[in-house]
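Build the full structure now, drawing on both the sequences and the hints.
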Amino acid sequence: MTQASEQPSSFVDNEIDLRELFVAIWAGKWFIILITVIFAVGGVAYALSKPNIFQASALLAPTEGSGRVRLGGQLGGLASLAGVNIGQDGTSNTVIAKEVLQSRAFLSDFIGRHGLAVQLFGTKGWNVRESHWNYNREVYNPDATEWRTSEEGNSFEPTDWDLVEKFRVEHLSVSENKDNGMVTLSVRSQSPVAAQQWAEWLIRDINEHMRDEDIEEAEASIQYLETKLNETNIAGMQQVFYQLIESETRTVMLANAQREYVFKTIDPAVVPQEKSAPKRALIAVLATMLGGILGVFVVLIRAFIRNGKQDDIPQLSASNGKAG
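Position one of the sequence shown corresponds to residue 553 (our numbering), numbered consecutively onward.
Where hints are given, some of them may not hold.
Pairs of lysine-lysine residues, derived as DSSO-like cross-links and limited to a Cα-Cα distance of at most 27 angstroms, are as follows [unchecked claim]:
(1) Lys676 x Lys730
(2) Lys831 x Lys718
(3) Lys718 x Lys827
(4) Lys602 x Lys718
(5) Lys827 x Lys676
Estimated spans, in silico, between C-beta atoms of each pair [stated by the list, open to error]:
(6) Gln795 x Asp712: 23 to 31 angstroms
(7) Asn688 x His666: 17 to 25 angstroms
(8) Ala829 x Gly667: 24 to 32 angstroms
None of these hints come from the bench; they were simulated from the model.
Model, not experiment: these values are computed from the prediction.
Where is the CB? At the ideal position from N, CA and C, for every residue including glycine.
The structure is reproduced here in structure tokens:
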């Protein structure tokens with residue numbers, strides 16, 4: 553009998569609590585609407601203040617047989633028999649190139665070679681109609697082609713660290729498809745023309761960089777092997793050295809003949825016609841939802857505090873009556 557009587561009372565309490573919840577929300581509806589409108593307006597204003605960002609992407613495939621790893625693997629046993637270490641390992645040239653592409657040294661050289669410092673830090677937007685950068689004249693003086701200084705006398709010219717960090721974080725993205733090994737290189741910029749151009753430059757420069765390194769290493773190996781060849785009179789060892797020199801010479805020849813040395817462009821980057829960011833509609837919707845949730849939360853907290861104070865009043869009056 554007691555359990556049966558407790559269950560209806562609990563249902564009644566829950567119903568009363570739910571009713572009070574809706575009553576509290578309805579009572580604070582204007583406050584909720586006000587907060588929602590404020591957040592919606594703020595979200596729209598924020599979305600409109602963000603500049604358009606364009607992204608150019610290129611699909612790359614690792615070139616077959618590129619690099620010294622393949623050639624060195626064929627004659628690695630002969631080199632070890634001759635007591636010669638020509639610096640080969642099992643690391644793929646593609647893996648190395650992908651890491652070099654995002655390295656500080658390569659990006660610093662890339663930015664300096666193509667003069668991108670002004671575009672990264674000395675501009676405030678891209679003029680779509682006239683297709684040119686709008687310079688931030690408070691930071692950079694395009695007429696004198698020099699960086700301005702602050703009131704304290706410090707130059708606004710960015711350091712190599714600043715340039716690389718901004719380019720790597722805000723502009724460059726490199727991803728690899730683990731299933732087929734394809735590499736996607738993406739470049740983001742306020743200028744659609746710059747995004748496509750930077751992507752092409754990156755692909756060309758990383759191929760040239762890896763080719764030059766392999767040629768330099770192969771030529772150094774050839775010089776070393778020729779020295780070793782002149783130091784031995786054993787016919788068998790001389791034959792080993794001749795084969796190693798032939799292998800390294802083949803590396804130089806193939807590297808000079810191969811334009812796309814490490815990455816072959818499957819789908820080249822094109823000038824994007826549509827922006828990739830910001831998602832203004834999504835920003836406005838999320839801001840509106842956040843405002844509504846915050847408004848409801850504040851109303852419920854206020855109602856909870858108000859009900860707590862009202863519950864304390866009868867208890868205080870009852871204790872005062874007993875004391876009297």
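Verification of the hints:
The straight-line distance between the Cα atoms of Lys676 and Lys730 is roughly 38 angstroms, outside the 27 angstroms bound, and the hint therefore fails. Distance check on the hinted pair: Lys831 and Lys718 sit about 21 angstroms apart at the alpha-carbon level, within 27 angstroms; holds. Between Lys718 and Lys827, the direct Cα distance comes to roughly 20 angstroms. Compliance with the 27 angstroms bound is thereby established for this hinted pair. The hinted pair formed by Lys602 and Lys718 meets the criterion: a straight-line CA distance of about 17 angstroms does not exceed 27 angstroms.
For the hint pairing Lys827 with Lys676, the CA-to-CA distance comes to about 17 angstroms; that is within 27 angstroms, so the pair holds. The beta-carbon spacing between Gln795 and Asp712, approximately 44 angstroms, falls outside the hinted interval of 23 to 31 angstroms. Checked against the hint of 17 to 25 angstroms, the pair Asn688 and His666 passes, with Cβ atoms roughly 20 angstroms apart. Distance hint check for Ala829 and Gly667: the Cβ-Cβ separation is about 25 angstroms, which falls inside the suggested range of 24 to 32 angstroms.
Checked against the numbered hints listed earlier, the structure breaks hints 1 and 6; every other hint is satisfied.
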